[in-house]
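Could you slot chains B and C onto chain A? The hints should help.
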Amino acid sequence: MSLNLDSKIPSGPIEDKWTKHKFDMKLVNPANRRKFTAIVVGTGLAGSSAASSLGEMGYNVKAFFVHESPRRAHSVAAQGGINGAKNYKNDGDSTYRLFYDTVKGGDFRAREANVYRLAEVSGNIIDQAVASGVPLAREYGGLLSNRSFGGAQVSRTFYARGQTGQQLLIGAYQGMMRQAEKGQVKLFPRREMLDVVIVNNRARGIIVRNLITGELEKHEADVVIMATGGYANVFFLSTNAMACAVTAGWKAHKQGALFANPCYTQIHPTCIPVHGEMQSKLTLMSESLRNDGRIWVSKIQGDTRKANDIPESDRDYYLERIYPSFGNLAPRDVSSRQAKYRVDEGRGVGGKEAVYLDFKESISRLGQSAISERYGNLFEMYEKITGENPYQVPMRIYPAPHYTMGGLWVDYNLMSTIPGLFVAGEANFSDHGANRLGASALMQGLADGYFVLPYTIGNFLASVGNTEKVSTDHPAFAEAKNRVDAELSQLLKIKGSRSVDSFHKQLGRIMWDNCGMARNEQGLKKALEQIPQLKQEFWNDVYVPGDNKSLNPELEKAVRVADFFELGELMCRDALERNESCGGHFREEYQTADGEALRDDQAFCNVAAWEYKGASVAPQKHTEELVFEKVKLATRSYK
Amino acid sequence: MSENQKNLNLNLKIWRQAGNSEKGVFETYPIKNVSTEASFLEMMDQLNEELIGQKKDPVAFDHDCREGICGTCGFVIDGSAHGPLKKTTVCQLHMRNFEDGATLTLEPWRAEAFPVIKDLVVDRSALDRIISAGGYISVDAGSAPDGNTISIPKPDADEAFDNATCIGCGACVASCKNASAMLFTSAKVTHLGLLPQGQIEQSERVLNMVAQHDIEGFGSCTTTGACEAACPKGISLAAISNLNRDLLKAQLTAKSLPSSQSDVV
Amino acid sequence: MSRGEHFKYFQSSPGKKMIMALTGLIWAGFVLTHMLGNFLIFVSADAYNAYSHALITNKIILVAEAVLVLTIAFHAINGILLTLYNSKSRGSEKYAMQAKGEKAVTLASKTMIYHGTLLMIFIVTHLVGLKFGPYYETTVNGVVMRDIYRLVVEVLSQPMPLAWYLVSMVALGLHLSHGFGSLFQSLGIKSKSNDLLIKKVSLIYGAVVALGFISQPIYIYLFLAR
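Line order of the protein sequences matches chains A, B and C. Just so we're aligned, residue 2 is where the first sequence starts under the numbering used here, counting upward by one. Just so we're aligned, residue 2 is where the second sequence starts under the numbering used here, counting upward by one. Just so we're aligned, residue 83 is where the third sequence starts under the numbering used here, counting upward by one.
Bear in mind the hints are in silico, worked out from the structure with no lab data behind them. Just so you know, not all the hints are guaranteed correct.
Between beta-carbon pairs, the in silico distance windows are [claimed, not checked]:
#1 A:95 with B:155: 21 to 29 Å
#2 B:33 with A:498: 16 to 24 Å
#3 A:302 with B:101: 33 to 41 Å
#4 C:179 with B:33: 50 to 58 Å
#5 C:282 with A:305: 29 to 37 Å
#6 C:175 with A:621: 37 to 45 Å
#7 C:118 with B:26: 54 to 62 Å
#8 C:175 with B:155: 44 to 52 Å
#9 B:30 with A:592: 49 to 57 Å
#10 A:5 with B:28: 34 to 42 Å
#11 C:179 with B:20: 21 to 29 Å
#12 B:26 with A:36: 50 to 58 Å
Taking lysine-lysine pairs in the BS3-like style, the calculated list, with each CA pair at most 25 Å apart, reads [unchecked claim]:
#13 A:385 with A:361
#14 B:234 with C:182
#15 C:282 with B:87
#16 B:57 with B:178
Glycine included, C-beta positions come from ideal geometry on N, C-alpha and C.
Just chain A, with the same shape it has in the complex (with noise of 0.2 Å):
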């Protein structure tokens, strides 16, 4: 396998790159688009849309998911909003503007060519999704409404009131539920992919578990497109959905797929809290809420008092006090990173991992309705979840792991290292950098989904032919299932004493405290001589119930807490070879004097791509060293 990490960065001035390239990639003749089959993994928002657009230019394409449903998937979830650069406010937004503010946002580790394209087709992703009647916001007028968004100095955000993911994946969905009606696709639910099979050097199926009937199925095509999410679930408590795991990408790594920048993970700094051991997952609450909300704690360490009997002289508003002119409105990395200080020094809400986010100066300056009508709904669903009224109760808040900006190394045309393995939207490492703007996922998955595999895959599948088709009875294939078939038969036979949630909380805590928020060199090494010695323990101690014969979640999970392991060391290296801090990578030997992130530019303007060597040998490291064109470095500064 090559290791020569090409990007295939088109030539020529930036904003002529992707017009360039369209032109000058192959195409299949629309005659000869139904030889070719494409598998699609994940029908979130760039599977779906990849899938549709895929079906609707003639290829054949079978789209598996492991919900029982595509509409399930964890896009769904997104609430803020999606970027597009149509500058419909005529407020100065245009594709460069939205270009840089990616880069920048992306602390300078982003590539300036992705993140080009990814701005030129914003305001296309924007019209394909009210043509296919997502119900974007509206003005009295009829036209479509946009607002600004973390800290964007420009209103380029559309949104669906607080769900713009699910009418954004309900949209995609439905054109891809089109393609299934004509037969372009076929729909797979409830298959998990579990291995990539590769075939003379080139990825030609998958094979996935039918999670009902536990059976291995064997899948065979000309292109295979990973569309499977991000790994924030690594640390067992994230904002991610339950089933969100790292393994379809994971597998393919092993395989020989690069992953890239691992160690970049977002935080997002309004979650309520952890409530108790039997937590499952994390709620978010929109960042809007800093708005109006003051961010505050305890001056007295274990202060066991209630919120309101705390007064004033004793409280700290610590945002407001370090970073004077933009006070609670900081940056999502910075006010997380703050808030994990506060509870480091023991002025957690009640000890606990928790801050204040108080509403009584806004209520009494502004009114009680002013606030309902701002923010009743996230009032609300805060009342349901915790019982406490936040009108009378300040909110308890803390950051909680959101979205991972790493994942599967893809060059210009989203494939990866190995050849005709694409991989789209969070799946992959491509447009984010260090740190991804708000607003800005949705953009890319289906910026990636609807306007670039379209073109790329074509390219592919034109310089490959279909001349050399393959079967599932190639050896290759048997293989692969037999991989597949020893590992879960190697999980069922443990019937050891703990669950898998146990080690997945375990290993969640040890991910968390070592490469959450902040990590330093003595954490980071810590974590990885706890996780190989929690990865033994768990292969030789795990209990997995029932058999591979029907629907066994446990045994799902198994799978995917197996790979967690895998990914969560690999994490750790990159941390601890990343000597620098940059975006959601915080290294607490690199800031300033002000406790700002201090990047390395010399030794660290690269790309990091792990190459998986085997079970007990160490990943080797590659760089793709970025090339900054047209955005100057610098340094941010939120003082």
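Below, chains B and C alone, put in the same frame as chain A:
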């Protein structure tokens, strides 16, 4: 964490069914020390952890986002789909809504069109096939005009949105004495029909979606309103009235009825 | 199975409800006028008999009767088919418990087939006992006509027929309180803005018709019975 946190002891009477062709029975499980801060599904996690500890088969139930938006979760608690609270999915239902010492009866969605897969897990793919039949706007990627060339009056946009909030959980079917999926079907018909870009195909859409609804074996709406009460997104029964009107109009005016069988495996 | 080509509107699930709505609408109108006409019992025997005579000697009434018979037949047969169809959709496993509280539905809405069946039996007994019952004669203003008044008083003076009549009218009230509102839904007239109004009107309609009908035999029993 909350100052009002308490622990509950409960009896759970749960429908256990090994597979679709197996016979199901109720089994009763006592569970102790359930935090009132936990969600209903976290209580189920706790039960399953205990069952696994006793080397028993954990209870299978569908769930995913646990934020009330993916529509994966859902079962019947004491006769109510998603439990006693209105506009709440079972994942968003918290244990503080239950009394200490209570016995709770948990059953899967029951409907001929939703075969039980295991325990509380059912197959709702029939809903996907209704969408396949016409729950979309035919627009290929790349052919869309600028978003602002289609302007939509805000009241229409808002009503379309209200109907678009359906999460496809199937509570409407589960709670309906006729196992009708009319609220689901009509929410999509209303969402798309209110938009100018969706109006073009509205006749074919409503005819095909209703036909598929019936093929799947869902019942007929008799306006009991159980669906509206159970719907976690509060979708109005008025949507069904809207479907009835559009269907009649389509029947009287439609020129051709495209049809084919869907391909959901 | 092809979806669109074989689509038969009146066999579709909304179509079946359309049949119920249209036939139900005719009968809802009929029972109201019937109830109002019967109020003449409070006026006098002659007025009551004269009204009845005027009706049955009018040729148009034959058409109306034909329509009523046809629609009730459709309504009943379709109602039974609908119930069977819906029961099949519900499946063989029934829920162990019924929803209570906020998610419960009205009694009337889930028992339509039961009061419907009872009403069908009532209609038959009503016709057999009165329309095709014993024939008495009287003369009003020189015209010889049927003394239906006498028959009605005679029948409803007896406790058993009276009780049956009252039970049936309660059933009618229940049936209308749901059915009248539901038909707006089936006809596609309901919207979010008139939803509550329709619900109220439906309840009032059912109550008015039922109470109107009930007031007459009670009056008979208390004041006219010998």
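Going through the hints against the structure:
1. Between residue 95 of chain A and residue 155 of chain B the C-beta distance comes to about 28 Å, which sits within the given range of 21 to 29 Å.
2. For the pair residue 33 of chain B and residue 498 of chain A, the beta carbons lie near 21 Å from each other, so the given range of 16 to 24 Å is met.
3. About 35 Å separates the C-beta atoms of residue 302 of chain A and residue 101 of chain B, a value consistent with the hinted range of 33 to 41 Å.
4. Between residue 179 of chain C and residue 33 of chain B, the C-beta spacing of about 23 Å breaks the proposed range 50 to 58 Å.
5. Taken as a hint, the range 29 to 37 Å is violated for the pair residue 282 of chain C and residue 305 of chain A, whose Cβ atoms sit roughly 54 Å apart.
6. Evaluation of the 37 to 45 Å hint for residue 175 of chain C and residue 621 of chain A yields a failure: the beta carbon distance comes to about 57 Å.
7. As the Cβ distance of residue 118 of chain C to residue 26 of chain B is approximately 56 Å, the hint placing it in 54 to 62 Å holds.
8. Restraint check, residue 175 of chain C to residue 155 of chain B: a C-beta distance of roughly 45 Å satisfies the suggested window 44 to 52 Å.
9. Evaluation of the 49 to 57 Å hint for residue 30 of chain B and residue 592 of chain A yields a pass: the beta carbon distance comes to about 51 Å.
10. As the Cβ distance of residue 5 of chain A to residue 28 of chain B is approximately 60 Å, the hint placing it in 34 to 42 Å is violated.
11. Taking 21 to 29 Å as the suggested C-beta distance range, the pair residue 179 of chain C and residue 20 of chain B conforms, at roughly 24 Å.
12. Between residue 26 of chain B and residue 36 of chain A the beta carbon distance is about 52 Å. The supplied range of 50 to 58 Å therefore holds.
13. At roughly 20 Å between alpha-carbon atoms, residue 385 of chain A and residue 361 of chain A fall within 25 Å of each other, so this suggested pair holds.
14. As the CA atoms of residue 234 of chain B and residue 182 of chain C are separated by approximately 19 Å, the hinted pair is consistent with the 25 Å bound.
15. Between residue 282 of chain C and residue 87 of chain B the CA atoms are separated by roughly 22 Å; this keeps the pair inside 25 Å, and the hint holds.
16. Of the pairs offered as hints, the one joining residue 57 of chain B and residue 178 of chain B is violated, with about 34 Å between alpha carbons and a cut-off of 25 Å exceeded.
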